[in-house]
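Asks: Since chain U is already given, all that's left is putting chains R and Z on it; use the hints.
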Amino acid sequence: MIINHPLLGPRDMAEFVYKGDVCLIDRPDGMQEGIEAFHDYLHLRDNPAGEHRELWYHEQGDRSWLVVTRNTLTHEITDVALARDVARERGRTR
Amino acid sequence: MHYSAFRIFKEAMTGNRGWKPAWRDPDPKSEYDIIVVGGGGHGLSTAYYLAKEFGQTNVAVLEKGWIGSGNVGRNTTIIRSNYLLEGNQPFYELSMKMWENLEQDLNYNAMVSQRGILNLIHNDPQRDAYARRGNAMRLSGADAELLDREAVRRMCPFLDFENARFPIQGALWQPRAGTVRHDAVAWGYARGADSRGVDIIQNCEVTGFRIENGRCLGVETTRGAIRAKKVAVCVAGSSSRVMAQAGMRLPIESHVLQAFVSEGLKPIIPGVITFGAGHFYVSQSDKGGLVFGGDIDAYNTYAQRGGLPVVEDVCEGGMALMPMIGRARLLRMWGGLIDMSMDGSPFIDRTDIDGLYFNGGWCYGGFKATPASGYCYAHLVATDRPHPTAAAYRLDRFLRGAPIDEKGQGAQPNLH
Amino acid sequence: MSEQVMTRDQVTREHSAAPAQTARSTQANRISGGFVDRARTLRFTWNGKQLEGHPGDTLASALIANGVRLVGRSFKYHRPRGIFSAGSEEPNALVQLRRGAAQEPNTRATTVELFDGLHATSQNHRGSLEHDLMAVNDLLSPFLTAGFYYKTFMWPKSFWEKVYEPAIRASAGLGRLSGEPDPDVYDHGFLHCDLLIIGAGPAGLAAALAAGRAGLRVILADEDFRLGGRLNSETYTVDDMFGADWAARTVAELGSMENVRVMPRTTVYGAFDHGIYGALERKTDHLPSSDGRPRQVLWRVYSRRALLTAGATERSIAFGNNDRPGVMLAGAVRTYVNRFGATPGRRVAVFTNNDDGWRTARDLAARGVEIAAVIDSRGSGPQQTDGLRVERGRRIIDTAGRKGLKSITLDNGARIDADCLAVAGGWSPNVHLTCHMRGRPVWRDDIAAFVPGGDLPPGMVVAGAANGTMTLAAALRDGHEAAGKIAADLGRAPGSGSAPRASDEAFAITPLWHVGESRKRAWIDQQNDVTTKDVRQSHMDGFRAVEHLKRYTTLGMATDQGKTANILGLAVMAEITGRTIPETGTTIFRPPFTPVPIGAFAGRARGKDFRPYRLTPSHKWAAEQGATFVTTGMWLRAQWFARPGEKGWRDSVDREVRMTRSSVGICDVTTLGKIDIQGRDAAEFLNRVYANAFKKLAVGKVRYGLMLREDGFAYDDGTTARLSETHFVMTTTTANAVLVFRNLEFARQCLWPDLDVHLISTTDGWAQFAVAGPNSRALLSKVVDNVDLSNEAFPFMACTECTVFGGTPARLFRISFSGELAYEIAVPARYGDAMIRGLMKAGEEFDVVPYGTEALGVMRIEKGHAAGNEINGQTTAAMLGMGGMVSKKKDSIGSKLSERPEMNREDDLRLVGFHPVDRSMQLNAGAHFLNKGDPADMAHDQGWMTSVAYSPELGHSVGLGFLKRGQDRMGEIVRAYDPVRGKDYEVRVVAPQHIDPEGKRQHA
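Going line by line, the protein sequences match chains U, R and Z. Taking this note's numbering, the leading residue of the first sequence gets 1, the next gets one more, and so forth. Taking this note's numbering, the leading residue of the second sequence gets 1, the next gets one more, and so forth. Taking this note's numbering, the leading residue of the third sequence gets 1, the next gets one more, and so forth.
In short, the hints are calculated from the structure, not lab data. The structure displayed is predicted, hence computed values, not measured ones. Mixed in with the good hints, there may be bad ones.
[To be verified] Sample of chain U residues at the chain R side, in silico, Cβ under 8 angstroms: (1) Met13; (2) His39; (3) Ala49; (4) His75.
[Said to hold, decoys possible] Not everything, but these chain U residues come out facing chain R in the computed CB check (under 7 angstroms): (5) His43; (6) Leu44; (7) Asn47; (8) His52.
We treat Cβ as the ideally placed atom computed from N, Cα and C, and that holds for glycine.
With the rest of the complex left out, here is chain U (with noise of 0.2 angstroms):
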């Protein structure tokens, strides 16, 4: 596979780690939320069979988490973005 960075342009898969689904991100509050709702972040996921947005990272690279949207049926990349940029986007600051 070819992740297309968005900083590096087209990279190959093996210069990547991958994560996960990119829910990954939204990590409950500690302070504010229990057990569950972190069971729930850790261990349960959609997995679904279609579009899929999950996290990379560029080990052998500049270090970003990307999020790349890619088919898990047919593997075809559509988006990658960076991390960061998406973490933000969904509500995390520091």
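Replies: Okay, now just chains R and Z, sitting in the frame of chain U:
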């Protein structure tokens, strides 16, 4: 039709005209006591044990394609019970004992071949971990031996002992492990279940569950609605897709596990060998092909095909371990979709919906678990009580804080 | 390119200069014409016999020229087998090529280029090829039908494992590996192109010309060594030229284009995601030896578009005893005659269901080969018979000739003598690569074949015969136009030139898959011995889905992957079930297109080069000292430093421990992960990634940190030093250095993107040494510039940036893994070698010793520090005795899920120490604990020993381990059960700190 030496002889003498299909091809009835969703190894063995051990014969197995088209026909055929943890080891040892009696039980020769498995050791911490594991195996009644380097060399002189990047220091050896002709497992269970009255219905895809007031009353299929008192889902690889139809999210990701077979070669590898410092395991089939595999492809997929990096990684492991295979050719590669769970261990459990049961999350361990999985699942579905050896395979174990994490990798499915 | 193509003119010239057969030639079946260089003779050995051939020959064509017909044995019945095809689809002519370590089993004679000194033998027989003892299996064939294994060998029970299975296993396989390491090397390479053209037949060449002229970066790959595909095998005319000459001229033109890379001997074996193709180029397989060059190169081709012009494969017809040597594909017979100037028979019959088969009769007749008859199963067919004996509407029901065809029998009972039968069953487009992403071919009735469906791999286009365009002019046009469209698609203007011209002959076929009148066994899969009876058996037993059929009968599972067989099996199953072929199913193909050596996939990653080595900054110095090294992950670390007179590793390790504890020792600890953390929010960041508090760590201080995974289990530990308000240096364990850094970056970018914190891994940037022992302060005082090292000024857990040896920048930490008064000192990695030499020199007066990882391990076990065997990903902070460190006052990674109930059970495991009751006993890690008197089973398992060491200070073995409620069981005696080592002994539970429990030494 009972298979016997006499039958083979009689048929051979009369032009092999009297054989009957190994299973019928019935149309679905409108209602069953129990519907098993998924005609793979686990689904068929579940149906078989429901009929044989628990007297449940008003049972249908619904398969969206042809039976055995999932991972029971796409694996590296290895059976072993060399697990570490209390939640796993007794279960896999039960499975091993069932493999040892399978042929007589089914009157079907699935070619169980116990030639042993070597887990190679390359450093001291690994030896410590394998000693711990081997002792756990012995505590559960399984067989395990810790071999030193010379013992491994005597057994497999073709391994690279002289020039290895990760020198071989010894191995954990389970003599009773081995291989089974994988497709025949599905066929044998199908035949056994069918002969006890189970309807095996192929080309019948479940498209939804009929759930009312928290109770599952049946399934919708491509061949119409079918009512059932109990519905037992058994579709590893597609668990998330199927259970989503019942509104459930699972602690599972789908990944592809590739496997490879070489051209047929005269016998050269005695048993199963796993190479811990690389990602490689291998055995040789009854037809002479080297059957080997490695890690899953790291990303979620339903594509049932793998990528090149893993192919190269696996072959690198193979060449590092036994450089004699360089001139053997890789003949076929294929990918099986597997449920990777959050701790690398499976589920055999009820769900929050009455009458709906779930079996999945088998990760790398599905094939070798086939007999025990079917038996324990049948036990649960028939009696509503978990079988003791499968009691830890609960869906709520992450909420309780009791993962069964053999590799200690945490909630990262692709690392298990 | 010109070196590898000879035009017909050249060949004919050379041919006329040298007589076809000298008196001494072994080549009885060599005839005129073809593209072999008769001026040169190559000698080769077949089953010990010396034979001759010429450059341009394959092993198969040379064997045919030499009149060799029997070349192998089938897998199950050990039936005699001859050459069946002329290409990579060959099921029968598998040989063992070369000798010694280079021995190469299952090699298709049809694709092996002849070279001088070639050595080949037949395989899969017991006794000689001619008198194979295993041929007895053929007599047992009534018993050995499809599925027989599954129905038998079960009685008595023990006989399967002890008798039957070993017997079956012993007869497994075809060829033999040498058992020696592969002597060749293999390379990996990467190529990028606009257009990858797969197959250099008429369509591929026309496409390459068009694409090349349009300026695309083109790669043209073909598995053959002579490009042109069927043009080399037929007598076509293209652009008013002999077809093969046109191909040669085209290849020469392509070779002159800078934007075109022509790759003969290159098989594109697989299509993968995003336009990536795998290709195998054979570099030296056509040479007597590799001479150190890479034997093969495995290319990964990154393409914007791919054009599949892989042609088509001919298939056979199933009729009685259709597997004898001499029964061949009709197109292959033409290939041997037209391309290689070798005739497979003296009197050849043709059996066809289509017009194409007639070409064989005409071409052979034109070359003076006698044609026994053309048997056309159709009533129709070409009307012009050119004086050939034609049997219309007839079928063959049987053949005779045990080791080579002698005659055929027609359905009207007529017997026709022939030593070769050319069978033309129609052509199947080579759709293989279109299926590699699970695409499904679709059926076309007019050509009676599957063609590529609509679900091609993205970026792939198919043209020519591979797309079902079965005639020459159309294929040329198809290739030309496909390339033009691709060029336009990629924004290029089409180049000059129109499609090459040729005239089309009619192509008509009336499918005939198997001759039903035939009572004899009719082969479908020749290598695996699958006959029409097996398909019938499969149907009878209920195995009717295509995939069931394949798996039950092993149809298509042989080394030829069913290239000529699958469609026949499918057709026969369709006939039995009364359905059409597309209703019965399709078979799709997986990579590789043809088998690829495992060595090629592995490339250079083998032996010591399997994975890279990471070397510590003191490695060179340690090697000079004669250190023994150990692999830890990728690192090589000094394990111990043996001195003369020491009898074993224990002597060395005990000395290193003793000397360190009594004076001073030095250990390279560079391998520990180091992460530089800077920013206004650095302290806040650390506070969130460590379970214990870090916000209030003072500048100039170090703190031990415990890191959890988000699931609350212990993950990693290490020390983090605060060098300034905004600057921290974290250390991790060696094993987790990469992973922790990855996770910190995740937290920084994805969880808290607006924290002002930056990370960089400096593991390789700093050389770090532990200096431990009571004299460590005295030693370092000689080395460190201007730092007051007194306990008051620089106490335990202090840190500072400083210089050493008069100005070299350094960092100094007062931390201790050994439990002694100890420091770690870091210098930029480039000074690491100088540093170890300087430290050792400075330490001479204290009898300083270097110590390795063994002594390091002994001292940490004596001290009760947890390491990888304890923090193994399965243990909690509470189990490690560090439950109190997990702060409840803040939200840090893992803190919430560490509160889950099952992780906080009172009766859970706890890390404790162990002494052997019998002090002479050596403890072993991995032993399980049982209460005295309990049975040895899993229900009574009490935990396990994690780490053990011999303590020179205590004079006996000590251990660490997890024991249920261990904290409450000090002094208790439990059983250490270690059956895999044959040991079972008693141990006493003690505190994990075996020495200096109060920690006086490290505070000294």
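Asks: Quick one, is the asparagine 47 (chain U) hint okay against chain R at 7 angstroms, beta carbons?
Replies: 4 angstroms, holds
Asks: Tell me if the interface restraint on histidine 39 (chain U) is satisfied: Cβ within less than 8 angstroms of some Cβ in chain R.
Replies: 5 angstroms, holds
Asks: Per the CB criterion, is histidine 75 (chain U) less than 8 angstroms away from chain R?
Replies: Cβ of histidine 75 (chain U) sits 6 angstroms from chain R, so the hint holds.
Asks: May I ask you to test the interface hint for leucine 44 (chain U) with respect to chain R, counting a Cβ-Cβ separation under 7 angstroms as satisfied?
Replies: Leucine 44 (chain U) check passes; min Cβ-Cβ to chain R is 4 angstroms, inside 7 angstroms.
Asks: Holds or violated: histidine 52 (chain U) as interface residue toward chain R, Cβ cutoff 7 angstroms?
Replies: Interface hint status for histidine 52 (chain U): holds (6 angstroms vs cutoff 7 angstroms).
Asks: Next item in the hint list is methionine 13 (chain U). Is there a CB on chain R closer than 8 angstroms to its CB?
Replies: Hint on methionine 13 (chain U): holds, closest Cβ of chain R at ~7 angstroms, below 8 angstroms.
Asks: Once the shortest beta carbon distance from histidine 43 (chain U) to chain R is found, is it less than 7 angstroms?
Replies: 4 angstroms, holds
Asks: Take the shortest C-beta to C-beta distance between alanine 49 (chain U) and chain R; is it under 8 angstroms?
Replies: 4 angstroms, holds
The structure agrees with every numbered hint stated previously.
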